[in-house]
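There are 2 protein chains.
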Amino acid sequence: MSITAPRGFRAAAVASGIKPEGLDLALVAADRGGPAAAVFTTNRAQAGPVLVSREHLASGRARAAVVNAGCANAATGEVGLADAREMATLVAQGLSCRSEEIVVASTGVIGVRLPMEKLRAGVPRAVRQLSVDGAGDAARAILTTDTRPKEVLVEVALSSGTVRIGGMAKGAGMIAPRMATMLAFFTTDAGLEAAALERALREAVGASLNRITVDGDTSTNDMALILSSGVAARVLPGSDETAFREGLVIAARRIAEMIVRDGEGATRVAEVRVEGAASDADADAIARTIAESPLVKTALHGGDPNWGRILAAAGRAGVAFDVKGMDIWIGDVWVAEGGAARAYNEAVAAAAMGEDPVRLRVRLRDGGATSWMWTTDLSHGYVDVNAHYRS
Amino acid sequence: MSITAPRGFRAAAVASGIKPEGLDLALVAADRGGPAAAVFTTNRAQAGPVLVSREHLASGRARAAVVNAGCANAATGEVGLADAREMATLVAQGLSCRSEEIVVASTGVIGVRLPMEKLRAGVPRAVRQLSVDGAGDAARAILTTDTRPKEVLVEVALSSGTVRIGGMAKGAGMIAPRMATMLAFFTTDAGLEAAALERALREAVGASLNRITVDGDTSTNDMALILSSGVAARVLPGSDETAFREGLVIAARRIAEMIVRDGEGATRVAEVRVEGAASDADADAIARTIAESPLVKTALHGGDPNWGRILAAAGRAGVAFDVKGMDIWIGDVWVAEGGAARAYNEAVAAAAMGEDPVRLRVRLRDGGATSWMWTTDLSHGYVDVNAHYRS
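So the sequences go chain by chain: A and B. Heads up: take any position in the first sequence, counting from 1, add 36, and you land on the working numbering. Heads up: take any position in the second sequence, counting from 1, add 36, and you land on the working numbering.
This list has only true hints and no planted wrong ones.
Given that identical chains are not distinguished, each listed pair holds provided it fits within a single copy or across any two copies.
Derived pair list, reagent style DSSO-like, types lysine-lysine, alpha-carbon separation capped at 30 Å:
| no. | residue 1 | residue 2 |
| --- | --- | --- |
| 1 | LYS154 | LYS55 |
| 2 | LYS360 | LYS154 |
| 3 | LYS360 | LYS55 |
Please keep in mind that the hints were generated in silico from the structure rather than gathered at the bench.
For reference, chain A alone in the conformation it holds in the complex:
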């Protein structure tokens, strides 16, 4: 139980045949339509399901989300858009609601059409199987080559009762080539308007899913969605809303951590912290550049406290910071001060590279802005899963 733990939700998954074997079609449905919000990939090349879901969510309401693995329905043109619309219609027919109430998501190979005959057979089966016990199957059905399902459940005590936030996600592996990546689905039985739900989701994603990187490659199909049934307790303005938002941040961070830990070939995870930047954008740019640097990521893989690479990556982040104000820590070891080497114990620094997560910290003296990112090491496993195809 994860996405069906909030009251008012059911889920199901079937093996529709889009993938050669196993569950590949998941459905999450509220008993009735309610407020919903989503954030989508910023990639210019957005997949058909992303375009259709964005259009459907313009109303701020949704009834259900349908997700297939094995085919991303991306770079498929007008025909892919029509296929995504039909996928929504198939679910709407089963649930006796309007197509506009259905969110669609796809993940898998780019540039290949959805096998619609398999969806026409599979969606009605999934609708018939909807159950509160279907969450585990749904979480497995959306995986591509992730090594494990990713589910979360957070309870939040509000003034008028306890509400739940459930979630499931796939990805941060483009593990089999041509795979699109991150999909995250949250449900809640808390009652709040679509606008408040969207604010909470944007805030939570900004502090979780947008702060992980495996390879810096943003997919064409990414999406994070929250559906709310509102049947448990109403989120009142003030402390209730704060509690709900904090709960959603916790849920999204747990999901984000599961994704990065299941990152392609990952053997280590690191947290990159940047402090003292002139602006949030500066802090973000520096943290992201360090977190995505192949040299930092290979040093992480080798357990090498190679702070020179952290300095060099920060320096190419496109931010006009004062290098003479830059301090660097690896774990608790202060390795560079004022942009220059500092005397430190190499063995202790090397040991800090064995912590989980490895903590890389940069402090500037340009202002009060901070940022952070989670990243993985760059390993032989990453090369293997991405170089060798024929999925």
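Let chain A serve as the given structure and place chain B on it in line with the hints.
What follows is chain B alone, placed relative to chain A:
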């Protein structure tokens, strides 16, 4: 003979002991000071030698360049700046010229001080050994863990005689950790003013060394320098200048190709072409994002004609292009049209991934701007050379 093939130049190299063994200190000197120009790393964290060389070249003239391998003298603060100045002074004393006429460059470990006593002994020895036969030794002395020296010689016929452009470079391997990367040195016996020399160098570097990427990590020590003796023939405005500039572009491109082919762990090289962009900046951003994408680079490694990754990388380049106008070719195989899959022969596309270089081409319909980049594959070798340290 490469950098000493242009008349008026001598070179030398010695084993000064900065590296555990082998040549590690190179000197290139003109018989007398002449026009000189350089371009430097854009990294915010610029090494001491970069700061000193930039200051010295403000006059537009130089007599000699001194280069050590084994220590980058980067992230060494005020003390590193003073060391770089002393390195210039040691050469100036040997050549009986002003320190401001000396360009200094260092490559190697970041965050470690130069062993000045070794330079105090080594520089005078290098000065004594200066000879027109010293080019090969100099080209070897500046290497860190490059697998081979990189030298070039181009002859250009001007109206009043033939001039020569010689060059040597190291890098596009941060092969041993904490290494800084690209250094390129050109000499010419063509006579032209410093301003014209700088224009020619900027143009040549923009069409060569700035278009190669191995890992997207810009070093703290990069520098490309050209020294001119002017003793062979004068570059007159007009067709002479065009011929000289074309010659320098050819020399710089050959050097750039040598660097990318010696890239860390590289088993394949690819040329990424972008056409039809709205602006040069847009074309550059898309070409660079594709060339640096870990997913494109691992597909290249696996010989996988995975155009979906090219589309996805272009889409995240931060450029507002029209996806419906995007066509993609792998070699001569047209794989995507209007942002969507096209029927093509998979075996022929896979064969195109075996060409040298692999040609990846993206055509947009937003304007007339074009760009290109050279890149390497991301291989196990890259992970090995960067993960395992203790140099």
